[in-house]
Amino acid sequence: MQKVVSVNLNGNAYQVEEEGYAVLASYLGDAERQLAGNPDRAEILADLEQAIADRCHAHLSRARTVVTAPEVAAIVREMGPVDPGPGEDKTAANGEEVAGAGDARAEAGRESDRRLYRIPEGAMLGGVCTGLAAYFQMDVTIVRAIFVIVALITKGAGIIAYIALMFIIPEASTPKERAAAGGAPFNAQEIVNRARRQYADGRKRLRREWRRYQRRHGWQPGYGPPPAVVALLPFFAVVHMALFVAAAAAAISLVNRGEILGWVPPQDVPIWAALIILFFVYQIAVSPIRAVSHWSFHPEAGAGAGWFAFWHAIAWLVGVAFVIWIASNRLPEIREFLQQLPEIFREFVQAMRRLLAR
Amino acid sequence: MATDEKFAAIRKGLLEFAILRIVAAEKVYAADIRERLARTDFATQDGTLYPLLSRMRREGLLDYEWQESDAGPPRKYYRLTPRGRNQLAELNGYWKRLNAMLAELGR
Chain A
507 MQKVVSVNLN
517 GNAYQVEEEG
527 YAVLASYLGD
537 AERQLAGNPD
547 RAEILADLEQ
557 AIADRCHAHL
567 SRARTVVTAP
577 EVAAIVREMG
587 PVDPGPGEDK
597 TAANGEEVAG
607 AGDARAEAGR
617 ESDRRLYRIP
627 EGAMLGGVCT
637 GLAAYFQMDV
647 TIVRAIFVIV
657 ALITKGAGII
667 AYIALMFIIP
677 EASTPKERAA
687 AGGAPFNAQE
697 IVNRARRQYA
707 DGRKRLRREW
717 RRYQRRHGWQ
727 PGYGPPPAVV
737 ALLPFFAVVH
747 MALFVAAAAA
757 AISLVNRGEI
767 LGWVPPQDVP
777 IWAALIILFF
787 VYQIAVSPIR
797 AVSHWSFHPE
807 AGAGAGWFAF
817 WHAIAWLVGV
827 AFVIWIASNR
837 LPEIREFLQQ
847 LPEIFREFVQ
857 AMRRLLAR
Chain B
3 MATDEKFAAI
13 RKGLLEFAIL
23 RIVAAEKVYA
33 ADIRERLART
43 DFATQDGTLY
53 PLLSRMRREG
63 LLDYEWQESD
73 AGPPRKYYRL
83 TPRGRNQLAE
93 LNGYWKRLNA
103 MLAELGR
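Chains A and B are the protein sequences, given in the same order. The first sequence begins at 507 in the working numbering and counts up one residue at a time. The second sequence begins at 3 in the working numbering and counts up one residue at a time.
You can take every hint at face value.
Going by beta-carbon spacing under 10 Å, a handful of chain B positions derived as facing chain A:
| hint | residue |
| --- | --- |
| 1 | Gln47 |
| 2 | Leu54 |
| 3 | Arg77 |
Lysine to any residue pairs mimicking SDA-like chemistry, simulated, CA-CA at most 25 Å apart:
| hint | chain 1 | residue 1 | chain 2 | residue 2 |
| --- | --- | --- | --- | --- |
| 4 | B | Lys29 | A | Arg561 |
| 5 | B | Lys29 | A | Asn516 |
| 6 | B | Lys8 | A | Asp589 |
| 7 | B | Lys29 | B | Pro75 |
| 8 | B | Lys14 | A | Glu538 |
| 9 | B | Lys14 | A | Leu534 |
| 10 | B | Lys78 | A | Glu549 |
| 11 | B | Lys14 | A | Glu584 |
| 12 | B | Lys78 | A | His563 |
Keep in mind the hints are simulated off the structure, nothing from the lab. For glycine and all other residues, C-beta sits at the position ideal for the given N, C-alpha and C.
Work out the full structure: start from the sequences and follow the hints.
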């Protein structure tokens, strides 16, 4: 005589002898381990349970209500060991490589589920690049390199764009959102594996790209401007300053009075867009002067040249901040200008959100 | 023994092909597929079949719908997606070419 255990197989109750129960439990436990990392694990397990249930059903009749231990053993033999299939066995040894293959396959079918999120896993700053990379299915390193290059070309506007995106794009905080960010199946372990992988070689490659960029764009010593240009440097500095003051005055007039020297931007151009356009115009206007001073900074200075440029930029920023601070205390226009900036920034963020939400 | 193993490897590679053909012919559920295969050299156990079907669905080759059955709970009836049909057509063509190639080599 054996004790009988009641089991729930995918929603069907069956009476099974105790020994048979142990066999079933170990079979399903094995199946679960074999399918670890399979995005459809729960579904496959339910299918397997249902298949076992169907087989149990065949052994039962009105007169026989219990599945015996030998019958369970036979059923489990017929079911056969669970074979995760090629590229599906995600054991610790080959988990990473295989996870990639599985993602690619799953992603192919789920393009439409993708949404733009920031992904904190594997992020270097705010996760904007990781999110964009997942969304466009590009290598995160390429996205980062693009950001760096854009930031260098635009003399910093790319950094502002990054900060703006950080505020606009929501963070993928739940595993489900993270899955949606890549259009990948919802499986936390895979996502963590992938992010970790991208983080490791992303950092390595970013550093390499950066060095190559520096080499190519003449941070090396050896050449400088002719003395005549050096002699004119103070003149260039004055022009630079004048352009800066003009741009700042234009920005203040734009924000405070909605016009620049009597010119009013068209109705459908919001203030923030006009400010961005103004910023770019200023950048373009000063770029020849910047190029000359940049040239002069790095003649024979060698490795220290990069640092010199860096400290020059810091000094500039501190100086500008100091001037703004003084001016905002003395000049009402500037205080008014600064008070309006947060509102403009909010409008900009909202406009970008609407754009992304489509 | 050695040839047997080699044939097993070939069968394993062709199993997906065999399943695509079965599903293309009629709407079936998993146990039907297993029974059709059981009568051939492609006999496959549930433990292999279910994960494989799930993977083929994830690849977009198969699709299923739930249907009430006379006995027991509703079942998943599989059918080919357009993508699955394309792949089957490709495989059929490739199989013919392979046969022709092998015949050509023996000449």
